[in-house]
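Colleague: Residue numbers (our numbering), protein chains in the order written: chain A, 28 to 379; chain B, 28 to 379.
Please keep in mind that the hints were generated in silico from the structure rather than gathered at the bench.
Source: prediction; values computed, not measured.
All the given hints hold, so there is nothing to weed out.
The list treats identical chains as one, so a pair stands whether inside a single copy or across any two.
Here are the computed lysine to aspartate or glutamate pairs in the DMTMM-like style, where the Cα-Cα straight-line distance is at most 25 Å:
1) 132 <-> 30
2) 150 <-> 43
3) 47 <-> 160
4) 150 <-> 246
5) 47 <-> 143
6) 348 <-> 288
7) 32 <-> 136
8) 301 <-> 337
9) 254 <-> 179
10) 240 <-> 302
11) 57 <-> 143
12) 153 <-> 71
13) 150 <-> 30
14) 74 <-> 179
Residues per chain are reported as follows:
Protein chains: 2
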Amino acid sequence: MDETKFTPISNIGEFELINKITSSTKINNKSTIMGVGDDAAILEFDKKVHRLLSTDMLVEGVHFDCAYSPLKHVGYKAVVSNVSDICAMNGRATHILISVAIPNKYSVELITSLYEGIHLACKNYKIDLIGGDTTASPSVLTIGVTVLGVADKKSIVCRSGANPTDLLITTGDLGAAYLGLQILEREKMIFEKSNQAQPLLGEYTYILERQLKPEPRVDIIEWLKEKNIIPTSMIDVSDGLSSEALHLARSSSVGIKIFEDRIPVSHHTNDTAKELGINPSMCALHGGEDYELLFTLPIKYHKQLAGVSDLHVIGHVTAQKNIVELVKESGEVINLTKDGWDSFIKHNQKHI
Amino acid sequence: MDETKFTPISNIGEFELINKITSSTKINNKSTIMGVGDDAAILEFDKKVHRLLSTDMLVEGVHFDCAYSPLKHVGYKAVVSNVSDICAMNGRATHILISVAIPNKYSVELITSLYEGIHLACKNYKIDLIGGDTTASPSVLTIGVTVLGVADKKSIVCRSGANPTDLLITTGDLGAAYLGLQILEREKMIFEKSNQAQPLLGEYTYILERQLKPEPRVDIIEWLKEKNIIPTSMIDVSDGLSSEALHLARSSSVGIKIFEDRIPVSHHTNDTAKELGINPSMCALHGGEDYELLFTLPIKYHKQLAGVSDLHVIGHVTAQKNIVELVKESGEVINLTKDGWDSFIKHNQKHI
Numbered sequence: 028m029d030e031t032k033f034t035p036i037s038n039i040g041e042f043e044l045i046n047k048i049t050s051s052t053k054i055n056n057k058s059t060i061m062g063v064g065d066d067a068a069i070l071e072f073d074k075k076v077h078r079l080l081s082t083d084m085l086v087e088g089v090h091f092d093c094a095y096s097p098l099k100h101v102g103y104k105a106v107v108s109n110v111s112d113i114c115a116m117n118g119r120a121t122h123i124l125i126s127v128a129i130p131n132k133y134s135v136e137l138i139t140s141l142y143e144g145i146h147l148a149c150k151n152y153k154i155d156l157i158g159g160d161t162t163a164s165p166s167v168l169t170i171g172v173t174v175l176g177v178a179d180k181k182s183i184v185c186r187s188g189a190n191p192t193d194l195l196i197t198t199g200d201l202g203a204a205y206l207g208l209q210i211l212e213r214e215k216m217i218f219e220k221s222n223q224a225q226p227l228l229g230e231y232t233y234i235l236e237r238q239l240k241p242e243p244r245v246d247i248i249e250w251l252k253e254k255n256i257i258p259t260s261m262i263d264v265s266d267g268l269s270s271e272a273l274h275l276a277r278s279s280s281v282g283i284k285i286f287e288d289r290i291p292v293s294h295h296t297n298d299t300a301k302e303l304g305i306n307p308s309m310c311a312l313h314g315g316e317d318y319e320l321l322f323t324l325p326i327k328y329h330k331q332l333a334g335v336s337d338l339h340v341i342g343h344v345t346a347q348k349n350i351v352e353l354v355k356e357s358g359e360v361i362n363l364t365k366d367g368w369d370s371f372i373k374h375n376q377k378h379i
Numbered sequence: 028m029d030e031t032k033f034t035p036i037s038n039i040g041e042f043e044l045i046n047k048i049t050s051s052t053k054i055n056n057k058s059t060i061m062g063v064g065d066d067a068a069i070l071e072f073d074k075k076v077h078r079l080l081s082t083d084m085l086v087e088g089v090h091f092d093c094a095y096s097p098l099k100h101v102g103y104k105a106v107v108s109n110v111s112d113i114c115a116m117n118g119r120a121t122h123i124l125i126s127v128a129i130p131n132k133y134s135v136e137l138i139t140s141l142y143e144g145i146h147l148a149c150k151n152y153k154i155d156l157i158g159g160d161t162t163a164s165p166s167v168l169t170i171g172v173t174v175l176g177v178a179d180k181k182s183i184v185c186r187s188g189a190n191p192t193d194l195l196i197t198t199g200d201l202g203a204a205y206l207g208l209q210i211l212e213r214e215k216m217i218f219e220k221s222n223q224a225q226p227l228l229g230e231y232t233y234i235l236e237r238q239l240k241p242e243p244r245v246d247i248i249e250w251l252k253e254k255n256i257i258p259t260s261m262i263d264v265s266d267g268l269s270s271e272a273l274h275l276a277r278s279s280s281v282g283i284k285i286f287e288d289r290i291p292v293s294h295h296t297n298d299t300a301k302e303l304g305i306n307p308s309m310c311a312l313h314g315g316e317d318y319e320l321l322f323t324l325p326i327k328y329h330k331q332l333a334g335v336s337d338l339h340v341i342g343h344v345t346a347q348k349n350i351v352e353l354v355k356e357s358g359e360v361i362n363l364t365k366d367g368w369d370s371f372i373k374h375n376q377k378h379i
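The shape of chain A in the complex, shown without the other chains (with noise of 0.2 Å):
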């Protein structure tokens, strides 16, 4: 590699760096089923179950910002993300690894809250905590976790199943989460500005508890066991469902088509939406961090999903391959392209 050329990270984004630095990969073990592309790699140790691995980095500056999310918050959530990708595999989460590099600022207290914060999310999705490493950082707050989960042979889900006429579902209301942090960005303005310590945020309770407490769908995930219901492909919301859909419909060479009026949006989202001027739709399409699962099942389920409150059909898979449209309130239909939030392109301002 020529070290004396620079492409900034930014000239190519996120997806294409991962694609480059792991084009050259390669398997030297059978029990490796798949490795890097999906939500979690699949591992076969067992006859019965694959084992699944998934890890992510969260930094402060980038994912979380201390000056509004309290440590146990940012804890909690740094397991419930990993979770989820577990979810997305229509598995179960059961052990979790965590390495965290701490700035001097930080002090034992807080830490400390960072850890109820982790701990609390293992106790309540029966996850061990198994290891970890924790290391002085010389700038910012930095998170590495690492989930390992469990799924039957037969029923794990990937992105790749997906085929033409199956329904695209999502899970919960969407959009929530990005307001969330709009309210928590406009509010820390505000309090660097006044300094007015305690700003009432009352009424926008169900977003900020989206933003900062979010729960992964296992409830999901064991709706589906219940009811012998296997998904054709799957992902956890966490960049946007324009994103989402993209990576669905890439990894299964189809296309998708969402109705706009069909994306479910909570009444709660739709007020501040509303009170910021923004239209609630971009912030379901393009904000993220709302940890529902999007994915296709084969329309012979519709009817039995008609009675289910929390399963909303927003539209159906295609043959048109990579083509993910929206079509609008108003008829018209545009091409979704857009890859959501990329960390290296709009870094620290996550704006739709």
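Dock chain B against chain A, hints included.
Modeller: Below, chain B alone, put in the same frame as chain A:
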């Protein structure tokens, strides 16, 4: 937790911090044989083998300095130091996940070099790179590594099995990596003052290689297997002989006596130590990063070890709980109480 209090982490150090944040850990899954507290966690999924998991976080300015460490070497060493943790359990590394937080100043070319080192180490040690995360960093390059390994249930080795009268053995030679770092630091200072581009480092080749491109002792693990020898306790020398001996003693509730004249030190290390006016034994005891293995064996193996050039009996296990003693060449006996390198206390100042 009272977050209004402020106890600096340097007041308590890394090991006390780890105790604090892991003491409330609860285990929910019966597959967890051992969590936090050794070189790797032990998981039971199979009948015959255990799975091993270990994680590390490497921070620019704390663990490596890009002013003198080529990124290809940084990548190689990131993998190797984790493979060494699996060796320390008498296991074999199989899979790895690597996350990187990348500052703006790093180009696509530099990150590609980092991954050339990662891929080379994976190739050399037959490890599959199966996952990772890439994100922006507002400050320094940070690398998160999680390694998965495997070991026969019957031959897995923890820190906790040493018995009085056992022999204490180290592989290879110690202290060279630390002196390599001192030379690099010195040349960096000279370069910064005089702006002379190419320092002449030829005479330091051995100690520089030990610092920049260490190799884990996979060969020793294979030798032990071949000879059907299972150590009673084992650890890898990452923080210095003194620190590692203390870990073995505390985990096994025994004491350890080390004879200074038995500590293997290369003549290169001796020469450079003399040049810099440092006691070479101190480099071995408190330097770290040698990635050799330190283990204990029943005394009956004494004869069998005699003919093996790369294994050195440097002392023995005693019944004096948690006491590690150094018998100096003069016959004087001193207590070793220091925990070796602690990034919170000696951040970026790895001096003895």
